[in-house]
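Peer 1: Going line by line, the protein sequences match chains V and Z. Position in the first sequence (from 1) plus 15 gives the number in our numbering. Position in the second sequence (from 1) plus 176 gives the number in our numbering.
Rather than coming from a laboratory, the hints here were simulated on the basis of the structure. From a predicted model like this one, the values you see are computed outputs, not experimental measurements. Among the hints, a few may not be true.
[Stated by the list, open to error] Some, not all, of what chain Z presents toward chain V, calculated at C-beta under 8 Å:
| # | residue |
| --- | --- |
| 1 | 193 |
| 2 | 194 |
| 3 | 203 |
| 4 | 204 |
| 5 | 221 |
| 6 | 251 |
| 7 | 272 |
| 8 | 333 |
| 9 | 359 |
| 10 | 366 |
[Unchecked claim] Covered by chain V, according to a simulated footprint, are these stretches of chain Z (three or more residues, beta-carbon under 8 Å):
| # | segment |
| --- | --- |
| 11 | 236 to 248 |
| 12 | 253 to 267 |
Glycine included, each C-beta is placed from N, C-alpha and C at the ideal position.
Each chain, written out:
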Amino acid sequence: MTPRTMAQKVWDAHVVTTAGDGADLIYIDLHLVHEASSSQAFDGLRTAGRRVRAPGLTLAVEDHNVPTHTLRITDPISVEQLETLRRNCAEHGIELFRHGDRAQGVVHVIAPELGVVHPGMTVVCGDSHTSTHGAFGALAFGIGTTDLEHVLATQTLALRRPRTMAVEFTGRAPAGVTAKDMMLALLAEVGANDAAGHVIEYRGDPVRELSMEARMTMCNLSVEAGARAGMIAPDDTTFAYLERAERAPTGTAWEDALAHWRAHTTDEGAVFDRTVRLDVSGLTPFVTWGTNPGQAVPLSEVVPEPDSFSSEPERDSARRALRYMDLRPGTPMRDIPIDMVFLGSCTNGRVEDLRAAADVLRGRKLAPGTEMLVVPGSMAVRAQAEAEGLHEVFTAAGASWRFSGCSMCLGMNADRVRGERRCASTSNRNYEGRQGPRARTHLVSPATAAATAVLGRLAAPADLEEPCSR
Amino acid sequence: MLPLTEHTGTAVPLARSDVDTDQIIPSDYCRRLTKTGFAPGLFAQWRQDEDFVLNQSRYAGATVLVAERNFGTGSSREPAVWALRDWGFAVVVAEGFGDIFERNALKNGLLTVRLPTAAVTEVRSAVEADPALLVTVDLVGLEVRLGERRWSFDVDGHARWLLLNGLDEIDLTLSHEDAIAAYERGRPHWLAPGTAGVR
Ligand code: SF4
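Using the sequences and the hints, build the whole thing.
Peer 2: What follows is the structure, encoded as structure tokens:
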């Protein structure tokens with residue numbers, strides 16, 4: 016048999032039938048639903064008199080619109096969106112995690128936490144960062160509302176087989192360099208849409224050494240390279256994580272699943288359509304300067320000169336970005352003052368991320384005039400952080416400790432960057448207006464976010480130790 | 177949906193790369209429960225600049241948007257497509273599209289036409305010089321026409337077939353009911369409905 020990549024194996028195992036004209040009908044193992052992209056799909060279903068085919072494979076959560084400073088929702092549009100989701104879930108027998116529930120949180124944080132994402136699964140959700148779940152070796156991707164209705168009605172999607180791309184990380188990541196930094200470095204290298212149409216598989220020792228949380232950060236950002244999905248082969252780290260999860264299979268089901276999962280890797284000699292290599296040995300913390308996640312540099316560098324880019328679209332894009340960001344070429348990144356710090360989102364809102372930030376903030380205070388929001392990715396993350404006393408570290412430093420939700424990642428709920436303030440954010444998109452109509456976003460890792468909050472300018476933890484020698 | 181075979185209209189040039197869906201429609205404007213009414217959100221931030229192309233009267237009524245590379249990158253929000261459609265666009269010509277955006281667009285009959293850089297630049301320059309020029313996109317012959325000029329383009333075969341025939345995709349998929357049910361019976365037992373951990 017021809018050697019196959021992991022992505023091809025998932026594909027082959029999910030073909031229901033050919034759908035014609037180059038498409039396969041693919042079965043969906045898990046459908047995650049949230050309030051912001053689903054109401055029109057349920058309406059469509061109702062109009063056509065159709066039912067949800069597999070409510071047991073569907074899981075819903077309230078995350079995009081919810082406030083994080085209170086468990087009482089008063090915003091009328093949020094109320095309407097959430098009530099609509101509640102009605103739809105009740106009507107179709109779909110399990111829903113409501114705002115305030117013990118297991119509520121950002122959709123891409125709670126599903127893995129529950130243990131419902133397994134190696135080899137197909138997972139979809141009406142949100143592009145569904146790629147997060149590839150950390151388990153699942154094929155997971157975002158879909159729009161029309162596709163969402165199709166999945167609700169048929170539990171399948173007609174799709175063309177994606178191309179595959181290997182990202183081989185080599186070397187050894189220095190201390191303080193996180194999965195976020197590795198990905199920003201990769202995006203700076205390949206650009207914001209280089210992986211379009213591809214499923215990425217992240218490979219190499221630096222990936223094997225990552226925790227599940229860090230792998231989720233990595234796969235989460237795949238979509239920022241334009242990829243449909245990102246995947247990492249499951250290993251003992253994956254199995255150990257799943258074994259602890261509340262809803263993972265148990266008993267003989269666990270044994271059977273485990274045997275199956277162990278074989279879920281790319282075969283020796285399998286060919287990827289593309290391969291990109293990146294040595295992580297020399298990496299340092301990365302930060303974005305522009306308005307797409309590929310516009311990133313090491314924190315130790317300066318705001319780039321638009322003319323230094325090789326193509327006109329890149330130069331044009333850089334000029335626009337600098338105008339929007341109000342930055343001048345040549346300015347050291349470390350001299351950029353920051354008004355707001357956002358720690359959270361499905362990219363970096365897991366307990367490990369909170370720990371990394373708390374380690375930096377312990378015994379320190381936010382710089383005068385700097386605000387910081389700490390939004391746990393889920394209520395379970397919040398509970399765990401509180402059990403470890405992390406919330407006390409954050410509040411003692413002067414940060415605001417919140418309930419869970421998408422919060423300031425997308426400027427849809429009450430949390431947003433006001434006016435033209437500058438925000439260091441652990442989320443995934445620095446697009447114009449993403450965090451608020453004129454907000455200026457710099458993407459960073461949790462540790463960088465925390466150091467930045469202390470100094471009131473972009474900074475890494477190392478900067479706190481040598482205050483005079485930067 | 178009605179079958180879609182060809183579209184002809186005037187075009188508006190949008191000389192920007194990497195136009196993300198948060199620009200096409202900021203998330204604040206996505207908070208609707210319907211599939212229509214999104215036009216006010218279309219490029220809401222950029223439209224505050226009175227020189228922005230969509231504010232120029234010479235492009236009023238245009239139905240073809242000519243962008244650059246990587247149009248519609250970013251989020252999965254279908255309102256990006258609904259907003260373009262509500263505004264009156266029927267076609268977007270670009271060097272490339274965000275994956276999810278392109279899929280969403282074709283499902284709503286908004287044609288995404290991918291052309292090489294030189295062709296996109298030529299179309300854009302032509303309509304910049306003469307906003308009255310008519311651009312035709314022929315989905316049967318897979319061809320873009322502008323005056324005497326012709327370019328062929330490619331589009332997802334499955335999506336094209338659905339559009340040409342005006343088919344309801346869910347109906348079509350449900351015609352494979354037997355295959356879906358057979359697949360479901362063969363799923364690994366630890367993934368079977370109700371026992372996958374999802375209750
Ligand atoms: S945290 Fe941000 S990226 Fe993640 S699901 Fe919410 S809005 Fe989407």
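Peer 1: Against each hint, give a clear statement of whether it holds in the structure.
Peer 2: Hint by hint, here is what the structure shows:
1. Here the hint on residue 193 of chain Z is kept, as its CB sits about 4 Å from the closest CB of chain V, short of 8 Å.
2. With a cut of 8 Å, the hint placing residue 194 of chain Z at the interface with chain V holds, because the nearest CB-to-CB distance is about 6 Å.
3. The beta carbon of residue 203 of chain Z is positioned within 8 Å of a beta carbon in chain V (closest approach about 4 Å), and the interface hint is therefore held.
4. Residue-level restraint check for residue 204 of chain Z holds (minimum Cβ-Cβ distance to chain V is 7 Å; threshold 8 Å).
5. For residue 221 of chain Z, the shortest C-beta to C-beta distance to chain V is roughly 5 Å, which falls under 8 Å, so the interface hint holds.
6. The beta carbon of residue 251 of chain Z comes within 5 Å of a beta carbon in chain V, closer than 8 Å, and the hint placing it at the interface holds.
7. Annotation: residue 272 of chain Z was flagged as interfacial toward chain V, and the flag holds, the nearest CB pair being 6 Å apart, inside 8 Å.
8. At a threshold of 8 Å, the smallest CB-CB gap from residue 333 of chain Z to chain V is about 4 Å, leaving the interface hint in force.
9. Hint on residue 359 of chain Z holds. Least Cβ distance to chain V is approximately 5 Å, under the 8 Å limit.
10. A distance limit of 8 Å between C-beta atoms decides the matter here; for residue 366 of chain Z the minimum to chain V is near 4 Å, and the interface restraint holds.
11. Proximity of the segment 236 to 248 of chain Z to chain V, defined as three or more residues with a beta carbon under 8 Å from a beta carbon of that chain, is established by the 3 residues found.
12. Requiring three or more residues with a Cβ within less than 8 Å of a Cβ of chain V, the coverage given for the segment 253 to 267 of chain Z holds, as 3 such residues are present.
Against the hints set out earlier in the document, no violation occurs for any number.
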